[in-house]
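Student: The lines below spell out each chain.
Number of protein chains: 2
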Amino acid sequence: MAETPTQESDTAPTVDDDTPEAYRELLDRTKRLAHLADVGGVLHWDQQVTMPDGGAPARAAQQSALSSLTHEYLTDDETGDLLDGAVEAELTDPQAAVVRETRRDYEQATRVPGELVEEITRTGSEAQQIWQDAKADDEFAAFAPTLETLRDLHVERAEHIDADRDPYRVMFEGVDPDLPLDRVEAILHDLRDELVPLIEDLQSRDPDLADPFAEGSFDEDSQEALSRAFLDDLGYDWDRGRLDTSPHPFTVGSQHDCRITTRFRDEDPFGAVLATIHEFGHATYELGLPQEHYGTPLGQSRGIVHESQSRFWENHVGRTKAFWDRYADTVNEHFGTEASPQDLYEAANRIYPDNLIRVEADELTYHLHIILRAEIEKAFVAGELDVEEIPTAWNDRMEEYLGVRPDTDTEGCLQDIHWTGGFASFQSYTVGSVLAAQLDAALREDLDEDVDELIRAGEFEPLHDWMTEHVHRHGQRYPADELIERATGEPLTAEYFVDYAEAKFGDLYGS
Amino acid sequence: MAETPTQESDTAPTVDDDTPEAYRELLDRTKRLAHLADVGGVLHWDQQVTMPDGGAPARAAQQSALSSLTHEYLTDDETGDLLDGAVEAELTDPQAAVVRETRRDYEQATRVPGELVEEITRTGSEAQQIWQDAKADDEFAAFAPTLETLRDLHVERAEHIDADRDPYRVMFEGVDPDLPLDRVEAILHDLRDELVPLIEDLQSRDPDLADPFAEGSFDEDSQEALSRAFLDDLGYDWDRGRLDTSPHPFTVGSQHDCRITTRFRDEDPFGAVLATIHEFGHATYELGLPQEHYGTPLGQSRGIVHESQSRFWENHVGRTKAFWDRYADTVNEHFGTEASPQDLYEAANRIYPDNLIRVEADELTYHLHIILRAEIEKAFVAGELDVEEIPTAWNDRMEEYLGVRPDTDTEGCLQDIHWTGGFASFQSYTVGSVLAAQLDAALREDLDEDVDELIRAGEFEPLHDWMTEHVHRHGQRYPADELIERATGEPLTAEYFVDYAEAKFGDLYGS
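Residue numbers (our numbering), protein chains in the order written: chain A, 5 to 515; chain B, 5 to 515.
Incorrect hints may appear among the rest.
Because identical chains cannot be distinguished in the list, a pair is counted as satisfied if it fits within a single copy or across any two copies.
Said to hold, decoys possible - Keeping only pairs whose Cα atoms sit at most 25 angstroms apart, straight-line, the calculated SDA-like set for lysine to any residue is:
no.	residue 1	residue 2
1	35	80
2	382	194
3	35	55
4	508	127
5	325	204
6	35	57
7	35	457
8	35	123
9	508	67
10	382	396
11	508	96
12	35	60
13	35	127
14	382	499
15	35	61
16	508	140
17	508	55
18	382	503
19	382	482
20	35	130
21	382	92
Hints are computed from structural coordinates only; laboratory data are not their basis.
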């Protein structure tokens with residue numbers, strides 16, 4: 005099913021004695037830009053994890069200076085000249101990929117006037133406070149004018165990038181389609197049609213799933229020790245990483261130094277475990293990138309692919325029965341509980357459609373939260389939905405897809421901050437889950453060993469190897485849709501996620 | 005004695021409606037450069053404190069990209085044009101200080117050819133390994149050729165900066181004298197003449213000073229708790245700082261976020277306490293700088309003044325009898341010891357002239373280690389001392405000043421790494437101690453309260469206030485020599501340090 009690796013996609017450095025000078029100079033510039041972006045990542049990590057609160061004004065000034073200078077360096081005429089020169093030179097395929105990705109960044113940055121970028125940044129930044137107040141007051145009308153302004157600014161930006169394409173498409177695809185919006189929308193459509201009845205059906209069964217942590221409080225030290233035990237066993241490379249805590253778990257870094265964070269809540273020890281495994285998945289991607297291409301597109305991850313790696317480890321490893329067969333004892337040792345593997349498997353797979361909040365949603369209903377956002381924002385960007393119609397459109401869809409209707413906008417269309425930063429970003433979460441299932445299916449077909457047996461034995465190396473071979477080591481060599489076809493033998497599809505969901509939840513809920 | 009503050013040195017922002025455009029633009033550029041330098045500080049802190057080992061190659065690439073881009077931005081023609089424009093504009097005194105300091109950086113950076121800078125960086129970097137091997141093998145001859153090359157390169161650099169002045173002077177003073185080398189050399193000379201007989205005299209008394217930690221081992225948790233207790237009491241602002249550990253203690257940051265590190269050794273709990281207080285002193289300087297001038301020279305510390313702040317808190321607070329009167333109980337509580345205030349006072353003030361190693365030297369002999377280095381490197385830079393004569397010159401001076409002669413160059417002229425990075429840097433350590441004593445004397449004369457009584461009562465606020473008023477809040481408003489005169493009423497002098505040393509050690513050793 006998956007392509008056999010060939011010499012064509014090896015990871016040798018792209019510079020030797022025969023390398024055209026124009027490419028060489030462009031590569032130096034590309035690397036510098038990437039290194040500066042990584043510096044921004046260190047500043048972000050530090051701010052979330054170690055920075056004292058008083059450092060905020062200085063950090064804002066530092067990030068702003070860094071991003072301004074980086075932007076000026078990227079959009080400098082010299083970058084354009086080097087790109088023109090490199091395009092004319094005779095390049096190998098990997099070299100051409102480096103030029104393609106650098107050109108994409110350059111064009112995205114140069115086509116939009118600086119004043120518009122600044123206006124978007126400023127408006128988005130002010131919008132965060134306005135949104136926060138509106139959410140606190142359950143007053144959508146207070147946020148609506150800002151949301152409209154943001155929409156207009158982002159449409160203007162999209163028209164600068166490509167006046168010939170639909171603005172919403174440009175928001176998702178940028179200068180070039182890395183993964184076409186059409187495909188993603190087809191998947192959301194398929195998913196919606198499958199998930200709505202599936203969830204209804206599961207809900208009607210009302211099974212008595214175990215909840216071994218419902219009672220009790222679990223101290224942070226035990227939770228941290230358990231997270232570290234999982235990371236040890238899953239194969240996290242502590243020499244190139246670390247685990248800390250932050251308000252929202254995240255992963256940042258590169259193939260040399262990729263750090264994860266998690267968060268501990270006394271009453272929800274399972275949340276931390278799954279968050280840690282999720283972030284570990286993100287880290288496997290960065291840590292699997294070729295070190296010899298550090299700082300070049302061939303050594304960088306693809307944004308739209310990232311969530312597939314976190315979801316693969318979270319869902320297709322961490323939420324399997326095999327995983328809890330192996331780790332029930334470990335959990336009980338850390339928490340002093342007496343949960344069976346089946347208890348933990350059930351606890352990891354509860355669904356609760358009456359939940360209104362996306363970030364608290366279960367593995368299935370989550371995607372309906374995403375789908376309704378994508379549908380609403382697309383119509384809003386196209387001007388087919390007026391801003392004041394959003395609350396009702398939201399609530400109607402909640403009722404249609406999940407059978408619950410929010411009483412307030414605070415728990416409805418005001419719950420997420422994302423629109424203050426732009427549109428067409430929610431889809432990547434669903435792409436991640438769908439692609440994770442597709443990769444899982446390809447991996448299970450490829451590997452000689454039974455994957456559940458490997459998980460039950462704590463042998464994760466073949467999983468790492470397969471994912472590195474088919475995803476990580478390519479960096480940005482191929483656009484996302486090509487990468488997916490090469491890795492799995494077919495375009496991105498919802499089929500495997502639906503099969504996986506039906507099988508797992510059917511089993512758990514007694515189909 | 006100290007100047008009464010006037011409106012002239014207030015800390016109002018230097019930009020209002022009347023500000024010339026040329027100054028305004030220059031200030032933006034100056035700030036950006038400062039913010040980028042602070043980013044480098046964050047990367048350094050992270051590397052020393054939190055970075056996993058595997059991150060080193062990426063960090064080197066990040067630092068290099070950041071410093072190259074910053075250098076290009078500083079030396080850009082636009083900076084020169086803005087400086088020319090600002091010089092012609094009508095400026096207030098604080099504005100003129102900003103222009104002066106920015107011009108100094110610009111000229112220093114532009115006068116030296118880029119290739120020479122790179123050669124010095126590369127040679128210095130290679131020299132570190134060569135020095136390390138030579139030190140390990142006790143083989144000065146293996147380091148000598150590199151040391152000669154470094155000397156020649158740094159002389160060449162100095163001649164680019166100012167061909168009309170003595171290269172060694174330029175190495176110390178840069179483009180302009182911030183503190184004239186003449187004054188510093190006169191101080192080293194005076195100190196040498198006073199300290200050599202004083203140390204001989206003290207040594208001949210051979211008193212039986214207490215050493216309450218000679219036996220036993222003190223765990224890291226207790227040591228850290230004690231360091232934190234001291235920082236609480238001394239008034240460290242945890243909202244703008246943090247304490248961590250690193251192989252060599254250091255301080256990094258700004259008025260918004262200034263972090264210190266220390267190190268713990270089981271058998272030397274006092275070392276960590278004094279290192280923590282020393283670094284705390286550095287942090288008081290940064291944290292006392294005006295926040296409204298963050299990123300401009302008016303909100304930045306002076307390098308040559310920095311060590312006076314660490315030494316003030318370490319020596320003139322942390323090594324006083326009053327301090328241990330207050331904190332003996334605290335120490336005993338943390339360590340389970342039964343040391344008296346006098347025991348701790350004595351332990352903090354032991355001298356041991358038979359020590360060969362600068363970084364392990366006591367408060368008095370330390371300066372003779374500095375003085376011999378300054379004398380030797382000055383003659384070497386002037387071509388008056390050949391490289392192969394350095395070991396003998398070193399050992400002769402050790403014998404003359406301290407009455408001990410190293411058996412090996414490892415414990416002699418190979419002990420410090422500093423020459424791989426250049427010359428004329430050791431003096432700042434002695435300037436720090438001397439200036440600390442001079443500031444301490446001025447402060448004690450100025451304050452209505454008895455300073456020892458304040459320390460004994462744990463009331464450190466008046467000390468902070470005086471130092472902020474007379475040193476911190478001025479940033480780089482005045483050159484160092486002017487700052488010192490304004491703060492203390494006279495030029496930098498060794499007199500107060502000698503008086504302080506004679507009084508304290510005379511008392512301890514029974515004069």
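Student: Can you list which hints this structure breaks, lowest number first?
Tutor: Numbers 4, 7, 9, 11, 16, 17, 18, 19 and 21, in rising order.
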